[in-house]
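**Student:** Sequence:
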Amino acid sequence: MNASTLIGIVASLLLLACVLLFSADTAMSFLNLPGLLIVIAGTLSATFISYPLREVIRLARIIRVVFHRENSYVEEDVRELVAMARLWFQGDIRAVERTLTQTRNPFLRTGVQLVIDNTKEAEIIDLLRWRIARLKARELAEAQILRTMAAYAPAFGMIGTLVGLVNMLQTMSAGDVTIIGPSMAVALLSTFYGILIANLLCKPIAVKLERRTEQRLIAMNMVLEGVSLIAKRRSPSFVEETLNSFIANYHDEIRDPLEPFKGDKDGHKGVPANA
Numbered sequence: 000m001n002a003s004t005l006i007g008i009v010a011s012l013l014l015l016a017c018v019l020l021f022s023a024d025t026a027m028s029f030l031n032l033p034g035l036l037i038v039i040a041g042t043l044s045a046t047f048i049s050y051p052l053r054e055v056i057r058l059a060r061i062i063r064v065v066f067h068r069e070n071s072y073v074e075e076d077v078r079e080l081v082a083m084a085r086l087w088f089q090g091d092i093r094a095v096e097r098t099l100t101q102t103r104n105p106f107l108r109t110g111v112q113l114v115i116d117n118t119k120e121a122e123i124i125d126l127l128r129w130r131i132a133r134l135k136a137r138e139l140a141e142a143q144i145l146r147t148m149a150a151y152a153p154a155f156g157m158i159g160t161l162v163g164l165v166n167m168l169q170t171m172s173a174g175d176v177t178i179i180g181p182s183m184a185v186a187l188l189s190t191f192y193g194i195l196i197a198n199l200l201c202k203p204i205a206v207k208l209e210r211r212t213e214q215r216l217i218a219m220n221m222v223l224e225g226v227s228l229i230a231k232r233r234s235p236s237f238v239e240e241t242l243n244s245f246i247a248n249y250h251d252e253i254r255d256p257l258e259p260f261k262g263d264k265d266g267h268k269g270v271p272a273n274a
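Its first residue numbered 0, the sequence shown is counted upward by one per residue in numbering that gives the first Met the number 0.
Source of the hints: derived by calculation from the structure; they are not laboratory data. Be careful, since some hints might not be right.
Okay, derived cross-link-like pairs now, BS3-like style, lysine-lysine, Cα gap no bigger than 25 Å in a straight line [stated by the list, open to error]: (1) Lys207 to Lys119; (2) Lys231 to Lys119; (3) Lys135 to Lys202.
Let the hints inform the model, and build the full structure from the sequences given.
**Tutor:** What follows is the structure in C-alpha cells.
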C-alpha cells in the first residue's frame with residue numbers, strides 16, 4: 000500500500016476512535032444509519048446525474064491507485080531514450096526498431112517511431128503535446144468528480160439534518176419532550192457524516208489523483224524532450240544530461256545552501272567546498 004495513504008488512514012481511524020471514546024458515553028451515540036444512508040445515497044445519486052456513467056465507472060478503477068504504491072518508470076525511460084539516441088546517432092535504424100519493440104511506454108514508442116518514419120520534428124512535438132493535453136484533461140476531470148462529490152456530501156448532510164429536525168418538531172407537537180435531545184443529536188449526525196466524507200475521503204483522494212497527474216505530466220514532457228533531441232540527432236551524452244535534469248532533485252533551484260567558500264592560493268574566494 001502507498002505509505003502516505005496508509006499513514007493517513009491510520010491517523011484518521013485514531014482520530015475517529017478518540018472522538019467516539021472520549022466525547023460520548025457510548026460509541027453508538029454517533030451511529031445514525033438513516034442519516035448516513037441519506038448522505039451516501041444522495042451524494043452518489045447526484046454524481047451519477049452530473050457525469051456520464053463511463054466516467055464514474057472509470058473513476059472507481061482509478062481510485063485504487065491511491066491505495067497502491069505506484070512504481071515510477073522515469074529512470075527506465077531515460078535509459079531507453081539514451082540507448083535509442085546512441086543507436087540513432089550511429090545510424091543503426093534496425094537496432095532502434097528492435098529496442099523500440101521492447102519498450103513498455105506507448106508514449107515513448109509513438110514518438111521514436113515517428114522519428115524513424117522521418118516525420119518532421121514540429122509535427123512530432125505537436126502530436127505528443129496533444130496527447131499530453133488529452134491525458135491532463137482526462138485525469139483532472141476524474142479528480143474533479145471527487146471534488147464535486149465533496150461539495151455534494153455536506154449538502155446532503157444538511158438535508159438529513161433538516162429531516163431529523165422535522166421529526167423532532169413532530170415529536171414536540173405530540174407532547175413528548177423527553178426525546179427532543181436525542182432527536183436533535185440524531186439530526187446533527189447527518190451533517191457530521193457529510194463533512195467527514197467530504198474532507199476525509201473525497202478531497203484527499205482528489206488531491207492525490209491531481210498530484211499523480213502532475214508527476215505523469217513531468218515524465219511525459221521528459222520523453223517529449225528526449226524524442227525532440229533524438230530527432231535533432233543530438234549526441235547521446237547531451238541527451239542523457241538533458242533528461243537527467245528532469246529527474247534530478249535539488250534542495251533549491253536558485254541558490255545553494257550557505258556554505259563556507261574555499262579560496263585559492265592568492266586568497267581569492269572560489270567555489271563552494273562541495274563543488
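**Student:** Compare the structure with each hint and give your call.
**Tutor:** These are the hints, each one checked on the structure:
1. Lys207 to Lys119: violated (37 Å)
2. Lys231 to Lys119: Answer holds: Lys231 to Lys119 is near 10 Å, not above 25 Å.
3. Lys135 to Lys202: Within the cut-off at roughly 19 Å; holds.
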